[in-house]
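S.K.: Now for the letters of each chain:
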Amino acid sequence: MEMDPAAITTPKIKTENLNFFYGGFHALKNINLNVHEMQVTALIGPSGCGKSTLIRLFNRMSDMTPKTRAEGKIMFEGGNIFDAKTDLVKLRRNIGMVFQKPNPFPKTIFQNISYGPEIQGCKDKDFIYHRVEESLKKAALWDDVKTRLHSSALGMSGGQQQRLCIARALAVEPKVILFDEPCASLDPISTAKIEELILELKKNYTILIVTHNMQQASRVSDYTAFMYLGNLIEFGQTDRVFTVPKDKKTEEYLSGVFG
Amino acid sequence: MKNKIIQACGFALLSACMIITALFLAGIIYFIAVNGRQALSWQFLTAPPLNGMSAGGVAPAIVGTFYLTMGSVIFALPLGVGCAVYLQEYSAGGRMSDIIRVAVNNLAGVPSVVFGLFGLGIFVKFLGFGVSILSGSLTLGILILPGIISASQEALLAVPVSFKEASLAIGATKWQTIKRIILPCALPGILTGVILGIGRAAGETAPILFTAAAFYKRGYPNSLFSEVMALPYHIYALMTEGVNPEKQTAIAYGCALILVAMVALMSSLAIFIRNKYRSAYGNGPRRNYNA
Ligand SMILES: Nc1ncnc2c1ncn2[C@@H]1O[C@H](COP(=O)(O)OP(=O)(O)O)[C@@H](O)[C@H]1O
Ligand SMILES: [Mg+2]
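Just so you know, the protein sequences line up as chains C and V, in that order.
If you want my numbering, it's the 1-based position in the first sequence plus 133.
If you want my numbering, it's the 1-based position in the second sequence plus 969.
Errors might be hidden in some of the hints.
Across the chosen pairs, the derived CB separations fall in these ranges [as the list claims (entries may be wrong)]:
hint, chain 1, residue 1, chain 2, residue 2, range
1, V, Val1082, C, Lys223, 27 to 33 Å
2, C, Arg281, V, Ile1069, 43 to 49 Å
3, V, Lys973, C, Asp276, 52 to 58 Å
4, C, Glu210, V, Ile1091, 55 to 61 Å
5, C, Thr219, V, Cys986, 35 to 41 Å
6, C, Gly291, V, Thr990, 37 to 43 Å
7, C, Arg202, V, Leu994, 39 to 45 Å
8, C, Ala317, V, Cys986, 41 to 47 Å
9, C, Ala325, V, Asn972, 44 to 50 Å
10, V, Leu1126, C, Asp220, 28 to 34 Å
11, V, Ile1069, C, Met197, 52 to 58 Å
BS3-like cross-link-like pairs, simulated, lysine-lysine; straight-line CA separation at most 25 Å [said to hold, decoys possible]:
hint, chain 1, residue 1, chain 2, residue 2
12, C, Lys256, V, Lys1133
13, V, Lys1148, C, Lys258
14, C, Lys223, V, Lys1133
15, C, Lys256, V, Lys1094
These are computed hints drawn from the structure, not numbers from a lab.
The C-beta atom is built at its ideal place from N, Cα and C for all residues, glycine as well.
Construct the entire structure; sequences and hints are all you get.
M.R.: If you want it as structure tokens, here you go:
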């Protein structure tokens, strides 16, 4: 793995010789990847190559899957997140996640967002209200929902639900946001809105997005990592990876030979 | 053509099943209502029995059944839900939880008179609670426990993993996730178990026979350690003892009618709470545990 010379921004998250196993199945093979601060990094690759597996390691959602094992390191803010002393609650506040299928809680729109600050122990009603408003504004959802904050989140459209999930993640003030195919279940218009939102969020957050849509990767990302069969094949600035891929496999994937 | 005939026959058969079931149900209710109606009066609901059970009312038995049923739910609900949460969220897939699961299912099949004997041995004698509301409620509680555990487990299982993930992913602890997301989502299903439990606890005779029930007791229970009259046992007593069978039979039907009404009333309360929660939590595109 070589770095682009133009990669001047600092890495926010860094994996070092990362391996991951589902039982005996070696799902991630010696991954060394830098996620740069205040940039959008796209993870692309064919279905089953390990994109979700990798992204779920960054906030240790992988812990939920039994009989798995990780080797190597993921460095974040000076510590290895696999260390025994890592506080998972703190890690997940710092590294938020938006899932493939919108998964709002079956509660009101307001409650979906206030949940994060509330579980942190915040009781100040004004503070919570402002945090909700601010998060919804950041997720470009405020104007859609400000008159019905107290109606069920499940009555929203798929695209709105996904933006609600983004707002919910923002409400605990993360530094990094992980997106696992956030537009997979959305129509083109909702997809465009989410992409626009990601470009906006980039100003304040470090973003890692899994997508199997290459156009999406080229539209929203600064860096692209191409994965294949559990290996990180190529990493670099998106423009460069898309125009002059160094690896034959990357080139084939980008030109649609397989996928 | 042939398929259509087969389909029509199949449909007719299924309809017949439904109709026969409905007829039985309606028949039972009609039979009890018709026979029990004559006994009903304001006095019947509010006065104690008179003249060796052949006159007066059954108010103490109504009160007793209410106490016993509520007592059993108060005991079994937290215990059952706690147990289900442990099995489902903390030890799922483990060997121990499998064993407990099997044990719980077996417990559900144990005849109720066995619970009665157990209650006598443990609560009445060993723990010294005597023949009392407490002993009876605990015995009935153990009786309905398996139902509440299975209903709760199923309800917990039906909560989408995506809710759990969403909660954990914003930094909630496991306990916060259980308390604030999983349990509220599972509540309708859990209450379904409670509803079935209420019906069972209110109606059982054998478990309270040795642990709580008195054939006749002057006045109303005034503590957890009082013996009580209870409707199902009162019916049994009226039909098997006493000197005025004709009058007693009429009263027994009256008791049966009240028992059915009480179960319906207490269940409605649970159903009301359940529906309130269901609408509060919406009916989105998730798997819902239904009664
Ligand atoms: N829970 C699991 N248990 C066993 N194998 C899994 C599990 N989840 C994913 N895998 C396997 O790991 C590989 C990578 O999966 P995944 O990360 O979901 O791929 P992607 O997100 O790139 O489509 C696949 O071969 C998949 O079958
Ligand atoms: Mg995936």
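S.K.: If a hint holds in the structure, say so; if it doesn't, say that too.
M.R.: Taking the hints in turn, this is what the structure says about them:
1. Val1082/V <-> Lys223/C: 27 to 33 Å: violated (56 Å)
2. Arg281/C <-> Ile1069/V: 43 to 49 Å: holds (45 Å)
3. Lys973/V <-> Asp276/C: 52 to 58 Å: Because 56 Å falls inside the window, the suggested range holds.
4. Glu210/C <-> Ile1091/V: 55 to 61 Å: holds (56 Å)
5. Thr219/C <-> Cys986/V: 35 to 41 Å: Given a distance of about 59 Å, which is not inside 35 to 41 Å, the answer is violated.
6. Gly291/C <-> Thr990/V: 37 to 43 Å: At 41 Å between Cβs, range holds.
7. Arg202/C <-> Leu994/V: 39 to 45 Å: violated (56 Å)
8. Ala317/C <-> Cys986/V: 41 to 47 Å: holds (44 Å)
9. Ala325/C <-> Asn972/V: 44 to 50 Å: holds (49 Å)
10. Leu1126/V <-> Asp220/C: 28 to 34 Å: Because 29 Å falls inside the window, the suggested range holds.
11. Ile1069/V <-> Met197/C: 52 to 58 Å: This hint is violated: roughly 23 Å between Cβ atoms.
12. Lys256/C <-> Lys1133/V: Given pair lysine 256/C, lysine 1133/V holds - Cα atoms ~23 Å apart, limit 25 Å.
13. Lys1148/V <-> Lys258/C: The given pair, whose Cα atoms are some 21 Å apart, holds under the 25 Å limit.
14. Lys223/C <-> Lys1133/V: Given pair lysine 223/C, lysine 1133/V holds - Cα atoms ~17 Å apart, limit 25 Å.
15. Lys256/C <-> Lys1094/V: Violated, at roughly 50 Å.
Figure legend: structure checked against the earlier numbered hints; hints not met, in rising order: 1, 5, 7, 11, 15.
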